[in-house]
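A.B. asks: Got chain F sorted already, so can you dock chains G and A onto it with the hints?
Chains as they are written, first to last, in the numbering used here: chain F, 1 to 319; chain G, 1001 to 1171; chain A, 2001 to 2184.
Hints are not guaranteed to be accurate.
Below, in silico cross-link-like pairs of lysine-lysine (DSS-like), each with a Cα-Cα straight-line distance of 27 Å or less [as the list claims (entries may be wrong)]:
id	chain 1	residue 1	chain 2	residue 2
1	F	K72	G	K1085
2	F	K296	G	K1162
3	A	K2032	A	K2043
4	F	K62	F	K73
5	F	K72	G	K1078
6	A	K2156	A	K2056
To be clear about the criterion: a stretch of chain F counts as covered by chain G if any three or more of its residues have a C-beta under 8 Å from a C-beta of chain G, and this derived list gives those stretches [to be verified]:
id	stretch
7	95 to 109
8	119 to 125
9	129 to 142
Because the hints were derived from the structure by calculation, they are not lab data. Only a predicted model underlies this, so the values are computations on that prediction, with no experimental measurement involved. From the three backbone atoms N, C-alpha and C, an ideal C-beta is built for every residue, glycine too.
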Amino acid sequence: MTVMQHIWIVIGVLFVLLNIAAGLIWVERRLLALWQDRLGPNRAGPLGLFIVLADTLKLFFKEDWIPPFADKKIFILAPAIVVGSVLLSFVIIPFAPNIVVADLNIGLLFFLAMSSLGVYSIVLGGWASNNKYALLGALRGASQMIAYEVFMGLSLMGVVMLTGSFNMGAIVEAQKDMWFIVTQPVGFFVFFIAGIAETHRLPFDIPEAESELIAGYHAEYSGMKFGMFFIGEYLGITLISAMMVALFFGGWLGPSFLPPLAWFALKTFFFIGVFILLRASLPRPRYDQLIEYGWKILLPVVLANLMITGAIALWMKGG
Amino acid sequence: MNLLFYISSFVAVAATILAITRFHPVHALLYLVVSFLAAAMIFLSLGTPFIAVLEVIVYAGAIIVLFIFVVMMLNLGKDTALQEKNWLRPKVWAGPCLLVLILLVEMIVLLLNAPDVTMHITVVDPRKVSLSLFGEYIIALELVGFLLMAGIVGAAHIGKQKKKILHRFLN
Amino acid sequence: MRQSTLPGGGVKIMLSNLRTMWLVFLHLFHKKETIQYPEEKIKLHPRWRGRIVLTKDPDGGERCVGCYLCAVACPVDCIALQATEDENGRRYPEFFRINFSRCIFCGYCEEACPTYAIQLIPDFEMAEYNRQNLVFEKEDLLINSQGKYPGYNFYKVAGMDAGVKEKGEGDNEEPVVDIKSLLP
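Next comes chain F alone, as it looks inside the complex (with noise of 0.2 Å):
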């Protein structure tokens, strides 16, 4: 690959995920209507489709507030953190056989990586606000993605241990046969529930919990700065949903009547519309419900599926 061509990936990623993330807004708000038997905006523009338009002017016009009392530089910081920290795990993910931004030998462990320093948006965020809602949110924030980084981190080495590799390709490559959803039914399922928890999406919101904290850890941002939050909030939604698809759903694999990235995309995006639906059906659980399940349930399945699958993947080779 030429370094013009990887460039061009680079640029077309970019350009791709962000039109997305602003797209999602759009995405989000009328599929969520759809499911309360309500439209959603549908008068800007065919289908509505230009209220992504005017909320992004909306949020660019808006005042740019920083509270006197906030400490100005991690305030500016945090939501930095958060955008650019989503988009770099986008560096590993296999779109198509050869559009891949880094095709990294440890690249799922750089996607996990990227998401334990994503926790710092949050708790920067909430503390910088100098406001006990948002430290309250970024306490929450941090507690609720540390311990779920360990599940996530753990149900994917299931998918390592049958594939042999950290290499997203291979991962993708190794799912020809059967998707890694058959034969790691669970680990799918933990990582899904650690992925919405990672993301702080409804109805792990705990961090931002509206009833509870007002917006938690952002409710000190305006403007562009709460932007990046909402954006980093739909890149996560669309990243775990991407590495749902490569590490369960054979990526670009697919009958061969549709481009390999169109099969990546579908498939990502029928991920998106779960993660949506979820938040339209389910309430918030209590704080220390959602940790307690974590520790007592998805750790001890976790590691069951780990030590199956490692006795299977032993015996397979033996025998």
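C.D. replies: Just chains G and A now, kept in the frame of chain F:
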């Protein structure tokens, strides 16, 4: 690769110095995070991507978050920063620093006079790491496992709630 | 240990969550409740409490007699009026002002009105860009209609002469007692 190594080492040293000299604990911790990230970069440039990523996941991603978590809850304001300022007088740190500076100069002289050996980098992939962990160093790994187990049991014991908390009307 | 941590209970809750998601998904095919407002109007009931109007009696005269009861009843003090009389002795408001930026559409003025003059009608489309435009004067409030109580004419049943009928000439009214006479 050499250049990358030196850049990241410089960043690591600078970030660590800043982490020590910041008066505000959270700012200091942030510089510590940068220092860990720089350390991860050093590992990466030395051909051990696995350790580099683990450094980010474990140190930068989990342990420092817990540090910040605790510092946030202590509600340290301007007063603590002032206190810190009082503690960090030049009188306190000038002596040790001077002595360390002499050592540094010595080290640089030694390094400059050393025979020219080029760094040869062998990439250590995760497979090699795990093979050596579960082969050569199995005893150490088991011992670390024991230690962590003891830690978990201790934490579970401390965190166990013995008293059943009832509403004040039910007491 | 709470129920959710039991393995059996956990599975049950998980299945119930999945069922919830499926049922919510099925809402995709349900009839939508949205009314596309400017094109499609909502049907309001006749007694819906919306814009306040002053009605007229069947003869085309103002019903309002300027008794101030509506202004007194108004919990947010948004009604202001000044009563006056014409040459026949018929009372009417000199000015009548309702500040709709304060009005809470509670309908107390309508209940207080003894002559069915002030009425709330099913109309809510009264948004303005300028706040001052929400202060309605008498000529904005007065409508050429009897509103919800057709046929009612206060001065036809009132026991006084205000140019509508002579004293004692009303339908259910006894003739006037001649106080100058000693006859029964």
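A.B. asks: Does each hint hold? Answer for all of them.
C.D. replies: Hints versus structure:
| no. | hint | verdict |
| --- | --- | --- |
| 1 | F/K72 / G/K1085 | 21 Å, holds |
| 2 | F/K296 / G/K1162 | 18 Å, holds |
| 3 | A/K2032 / A/K2043 | 17 Å, holds |
| 4 | F/K62 / F/K73 | 20 Å, holds |
| 5 | F/K72 / G/K1078 | 14 Å, holds |
| 6 | A/K2156 / A/K2056 | 13 Å, holds |
| 7 | 95 to 109 | holds (count 4) |
| 8 | 119 to 125 | holds (count 4) |
| 9 | 129 to 142 | holds (count 4) |
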